[in-house]
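Using the hints, position chain B against chain A.
Read top to bottom, the protein sequences are chains A and B. Heads up, the first sequence is in the numbering used here, so the first residue is 1 and it goes up one at a time. Heads up, the second sequence is in the numbering used here, so the first residue is 1 and it goes up one at a time.
Warning: the hint list may mix true and false statements.
One copy or two, it doesn't matter: identical chains are merged, so the pair holds either way.
In silico SDA-like pairs for lysine to any residue, Cα to Cα no more than 25 Å straight-line [unchecked claim]:
#	residue 1	residue 2
1	K136	G172
2	K136	R125
3	K111	Q223
4	K111	R47
5	K57	N25
6	K111	T234
7	K324	S41
8	K110	L98
9	K230	L98
10	K260	L349
11	K305	E270
12	K269	I307
13	K23	V40
14	K110	I241
15	K23	S41
16	K111	K230
17	K260	T194
18	K305	M44
19	K110	D86
20	K260	I241
21	K111	D86
22	K269	E150
23	K230	L199
24	K111	E87
25	K305	M360
26	K111	H91
If you are wondering where the hints come from, they were derived from the structure by calculation, not from laboratory data. All values reported here derive from a predicted model rather than from experimental measurement.
Number of protein chains: 2
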Amino acid sequence: MNPANPLLETFRQSSYQLSNHGKRNVQVLKEAFEQIDGEVSSDMYGRGQIIEEFQEKMAAFLGKEQAVFFPSGTMAQQISMRIWCDEKNIHQVAYHPLSHLEIHEQDGLKKLHNIKTILLADKTRVIELEDIIKMKEDVACILLELPQREIGGQLPSFETLERISEYCAEQGIKLHLDGARLLEVLPYYQKTVTEVCALFDSVYMSFYKGIGGVAGAILAGEQGFIEQSKIWKTRHGGDLISLYPYIIPADYYFEKRSSKMYQYYEGAKELAALFNSCTGISTLPLVPVSNMFHVHFLQPLEQVKTILIEVQQQTGIGVSHYLKELDEESCSFEVNIGDQYENIPKELLFEAIKVLDENMNSI
Amino acid sequence: MNPANPLLETFRQSSYQLSNHGKRNVQVLKEAFEQIDGEVSSDMYGRGQIIEEFQEKMAAFLGKEQAVFFPSGTMAQQISMRIWCDEKNIHQVAYHPLSHLEIHEQDGLKKLHNIKTILLADKTRVIELEDIIKMKEDVACILLELPQREIGGQLPSFETLERISEYCAEQGIKLHLDGARLLEVLPYYQKTVTEVCALFDSVYMSFYKGIGGVAGAILAGEQGFIEQSKIWKTRHGGDLISLYPYIIPADYYFEKRSSKMYQYYEGAKELAALFNSCTGISTLPLVPVSNMFHVHFLQPLEQVKTILIEVQQQTGIGVSHYLKELDEESCSFEVNIGDQYENIPKELLFEAIKVLDENMNSI
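The shape of chain A in the complex, shown without the other chains (with noise of 0.2 Å):
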């Protein structure tokens, strides 16, 4: 075999993957289709029983007066931005420096509605109430991400989100909580859904992380919020005749998952502790708080990548597709617990590691 990306060809042949719930296929939406009778009516540009009944469901689930159905995060956290923005009249909010809206979404909620960001707290950890206080400058919202994706899903204590939920309502600043991974969470804080966003004035969560949907986020908060940021969806396009293929998938998937979360938090501990045992490997966070982690080498990229081709070669268990660089002198990927990590037999996880182990003992 001399493929043009080994990684990820010995990862896509692997018998077992450790991350996510399966293939991205169109199988995703055609088994959330398969018992929904053809005769069901499409939605028409957010009104119809298939999304009115959705929103009902996520508003009660999460606690919130109204939730509106978004074909994509993106687009429902910039315009809750603006939402607030406008209702202060200060065009500038406040998040961490690696929160998507800083780095995946190309500059939208600055070129699009000519917000200022401020970055709270330093990329290697999660914001706390400290940098809230300290911050000089007039915002009309703060947005946390639970968890931190790119610093392996870290999060801040429950006490912590209290503080800063009870302060910025002192001074005036809405809450945004940025809950693309929301249920992933609630295992390690031991709370429901509606205490965490009990907290937040306007929440987002996404349903294919976690849940593993075809795409979508639920935006919700109150009424006069949620009215606005439909005004707002038609604004940017999102208002589509026909969002049920989204729909469908979010619900069926949510039914099928939003109780896994605590085995997938736990999986993630068992997974993050294997390759802690490990030479030259530690994970961020050591103790997982949510179903993910990032996997850190502390050897450069290539001789990484040749390692896991051959795990992935010699034990059949996909460890991942991909490894970004840190610097030359190490590398990391991500990993996702879902449905697949439970399919793994045990003694062919632990030989994995046990290989793995090996090899980057013999650098």
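Coordinates of chain B only, in the frame set by chain A:
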């Protein structure tokens, strides 16, 4: 029967409907996916075979260098305007007073992109070359909608299009085609799609009007333009992890219906003539130039509603599910000929027109 909306109710219960391809229900999606193998991989944030192949196919079809799939035309067209405005550093564009961007998008172009708009021609007719020549303001781009939907789907002559295109090129004004119903106008112009598109710098086409897909749009133009549009698509929140739920139906119904536009156009002319034979009824335009037209009644809405309910109940022909008040003395609805029209037994159609005419006469 005493439903809340008897016009809608009798329409729904009718055996045949004049307009469209059929119900917008989940079956539209299921039919398109029936022959698609579940193992087919999803597109991933604008990449992957499923999206790239369709984009290449559409670029070639429209005769443009490149194309990009968008979840909505609203998004695709605002972005087109923004790119042309940024390129010329003139944040002003011109279009028809009843353009989709002006009346159906909650002012997204103005609120998100800070672009001013010049309204060309008056509301009752299409834009002519003279409207453009006498425009005093500098604009980066002119948007032409073919056909002009809100006035019954009227069209300028092809010669006018050629002259406008030539004039804009001379003046350094970009010309953009709002081709939501692009294929629908080809039979009237007796031109190929590439002949029409060659007159424009950028072209948008929809997949859920004449083609009858689930949602989605294509934007086509030169490479540099399309590359920029992809960045703006991310900024708008339109670069979804998976767009295949729209792409697969777009391709499926494109193959099924793109060659049927002549049939729809002939049907529209036939049906318009039937309406024009009735007392107090006329169509706009009098002779359709695409698959669409508006039906105008010179009677108050409430009286016409009673008549349409009667026709729908008595003949089983669904004429319209709604009426729009024009003024106290007149009202209208829109007809879009699709697959359903050919299924109507002609004697039943003539019977419906006869009942309609008799009822209009007896007011």
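Requested in this report: Go through the numbered hints given earlier and state which of them the structure violates, listing their numbers in rising order.
Outcome: The structure breaks none of the hints.
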